[in-house]
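If you're matching them up, the sequences are chains A and B in order. Under the working numbering, the first residue of the first sequence is numbered 1140, with each subsequent residue one higher. Under the working numbering, the first residue of the second sequence is numbered 700, with each subsequent residue one higher.
One or more of the hints may lead you astray.
Not the full set, but computed from the structure, chain A residues with beta-carbon under 10 Å of chain B [as the list claims (entries may be wrong)]:
id : residue
1  : T1240
2  : N1329
3  : E1403
A few chain B residues that face chain A, going by a derived Cβ cut-off under 7 Å, partial list only [as the list claims (entries may be wrong)]:
id : residue
4  : G716
5  : Q791
6  : A813
7  : N844
8  : V845
9  : I900
10 : Y1009
11 : G1013
Calculated directly from the structure, the hints in this document are not laboratory data. Yeah, the Cβ is synthetic: ideal placement off N, Cα and C, and Gly gets one too.
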Amino acid sequence: MTEELQIIVCIKQVPDPHYLSKITIDPVTKTIRREGIPAVMNPLDRNALEEALRIKEQLGGRVVAISMGPPQAERVCRDALAMGVDEAILLSDRVLAGSDTLATAYALSMAIKKLGSFDIVFCGNETVDGSTAQVPPQLAEFLKVPHITRVRKILSINRNELIVERTIEYGYMKLRVKLPAVIAVTKEINEPRLPTVSAILKCYRKEIKKWTVSDIGVNPRQVGLEGSPTRVIDVFSPEVKRKRKIFEGTTDEAVEWIIEKLHEAGII
Amino acid sequence: MPKEWKGIMTFTEQRFGQIEEVSLELLGGARTLAEKTGGDVSTFLIGHNIKNLAKELIAYGADKVFVADHPSLTYYQSDACTKIFTNLIHEQKPDIVLIGATSIGMDLAPRVAAKLQTGLSAHVVKLEIGPDGILRQIVPGFGGNVMAVVTCPEKRPQMATVRPGILKKIAKDESRQGEIIELDVKISEEELKAKTLEMKIEPPPELPIEKAEIVIAGGWGICDKECFNMLKELAKLLGGAVGGTRPVLDEDLIKEDQMIGQSGKIIAPKVYIGFGISGEMHHVVGILDSDTIIAINIDSKAPIFDFVDYGVIGDAKEILPRLIKKLKEKLERKQC
Ligand SMILES: Cc1cc2nc3c(=O)[nH]c(=O)nc-3n(C[C@H](O)[C@H](O)[C@H](O)COP(=O)(O)OP(=O)(O)OC[C@H]3O[C@@H](n4cnc5c(N)ncnc54)[C@H](O)[C@@H]3O)c2cc1C
């Protein structure tokens, strides 16, 4: 184990969640139309960064952000630098396009291995685009370390272990994990900081490291479409088959109408 | 000759000795798929002092139940569970593996799939067998605005986590016959690198929304205490439960377990009534399976009106108290 605490945060650029309803599918070409939709950092990844930075502030150490994505994802690396990470790395390569969660986790694991030893890898529990929540446990498997998903609170931390709470349906679990580990966080864990103006200005002076698959020893056949066991064979917009009867009138008329409909539905 | 990948295996999740509803649904769904694929429906049951549950799983459709019972497994332990489940899959070679998309299932499934180096799709909302005999998994993406059909053509098994409430369990049949196989489980404390120390249930004070036949939901348009008290009163009158959107959760008017949508609960009640809800896809994906959708919104252009059976353009704050009053009168009259 190295002297300093080494914390890695995986971040991803995603379509701005406020615009997700504007995403449509071209019914002919079956491509996803996202023109005019801004790209931002996945919201939960900000929580992951925040938690990493807080630990660094408490115990010292180094925080490195890694993003895998197209060249434009440099933007989220800048954002991470503005929040205060020591280093940001963009893993970008054409052969990575079309990677499913397994291939993505493999590529990220190779980038992390390239960095040397680490104590904690933080991830947002899921992203707003695919929202599979699969990458963190799969990444942990490639790194051969334990993982905990849905972490809502870190109760204690030392160089060897973390004690955390993870949310489950109607309750929570308390866990102890030996480091190194992959920790996937939820929104409850913290309130991410906003970068200061001076930090934003300074982040442009820092260099973002750019890696391709050959820099990290990734087998190109294990990533991209070829390296992904899953295939998307069709995409479509969910269809809505509803009666769509709309009523406009006085309050009393509306109330009568609703009661009539509840009656028809067999409720009253 | 190496064994061929055949049949369907499900993961049975139990908490404190109670089988999760979704696990019974998986068995029902697996039975339907097995009519096309052939092969057994088997299930993996893990925990401590849980052998008695195996018969119930058979009654709900399992042909074989593999039981891993060990004192270290009182709570879900990701490392041990991953290892035992992966070994079982290696040995039994099921063609399809289904897991409930719960907080535990979503923790386990990706790790198992990575160990097996196979494909996994998340939060599946529909499963069917294609003409080529391959499992087609319908998955929502981009907050439910896009649906994708995902397959895993080459690697085996084909794995999916399935949203609770999607598949239908079959009627319990105590006379069904099946085989119970106890696995030889050895666990050393050393192996439990991420160890669950305790599990606490904070039971919902009211009827959980995913179990309610009627769900009364409130959004930002009626985001105040008074209105939410009225929602509760209405829910009580109709025998339903109260739910809501993300913004009202942020205002603490509902609990996490009452939020409906992509990051909350997926519900399929007989009737959903939404007050002051705009109808963002994030929310709407959680209500699409409702039999009847009713919404009240002041804005005739609110997207929710694209998803309703019955929509009322009007002020929810005015309609709510009148609706409660009228319903009370009606229900009282009925009782006389
Ligand atoms: C990653 C991500 C995940 C999310 N997951 C979820 C989720 O699971 N569930 C969820 O709900 N949201 C989720 N959201 C938030 C979601 O995008 C919407 O912001 C949210 O659903 C909107 O809630 P709302 O309809 O209550 O509020 P608004 O969109 O603000 O709508 C309020 C509506 O009330 C109407 N109104 C105002 N006054 C009145 C009145 N007096 N009478 C009648 N109508 C009135 C307005 O016309 C408006 O249509 C998520 C967001 C993100 C980014």
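Taking the hints in turn, this is what the structure says about them:
The restraint placing A/T1240 at the interface with chain B holds, with a minimum CB-CB distance near 7 Å, inside the 10 Å limit. At a threshold of 10 Å, the smallest CB-CB gap from A/N1329 to chain B is about 15 Å, leaving the interface hint violated. Because the closest C-beta pair between A/E1403 and chain B is about 8 Å apart, less than 10 Å, the hint holds. Of the supplied interface hints, the one on B/G716 is violated, with its beta-carbon coming no nearer than about 15 Å to a beta-carbon of chain A, more than 7 Å.
A least Cβ separation of about 19 Å between B/Q791 and chain A goes past the 7 Å threshold, and the interface hint is therefore violated. With a cut of 7 Å, the hint placing B/A813 at the interface with chain A holds, because the nearest CB-to-CB distance is about 4 Å. Against a cut-off of 7 Å between C-beta atoms, the interface hint on B/N844 holds, since the closest Cβ of chain A lies about 5 Å away. Taken as an interface hint, B/V845 checks out: its beta carbon lies about 6 Å from the nearest beta carbon of chain A, inside 7 Å.
For B/I900, the interface hint holds, since its Cβ comes within 7 Å of a Cβ in chain A; the closest pair sits about 4 Å apart. Hint on B/Y1009 holds. Least Cβ distance to chain A is approximately 5 Å, under the 7 Å limit. Among the interface hints, the one on B/G1013 holds; its C-beta lies about 5 Å from the nearest C-beta in chain A, closer than the 7 Å criterion.
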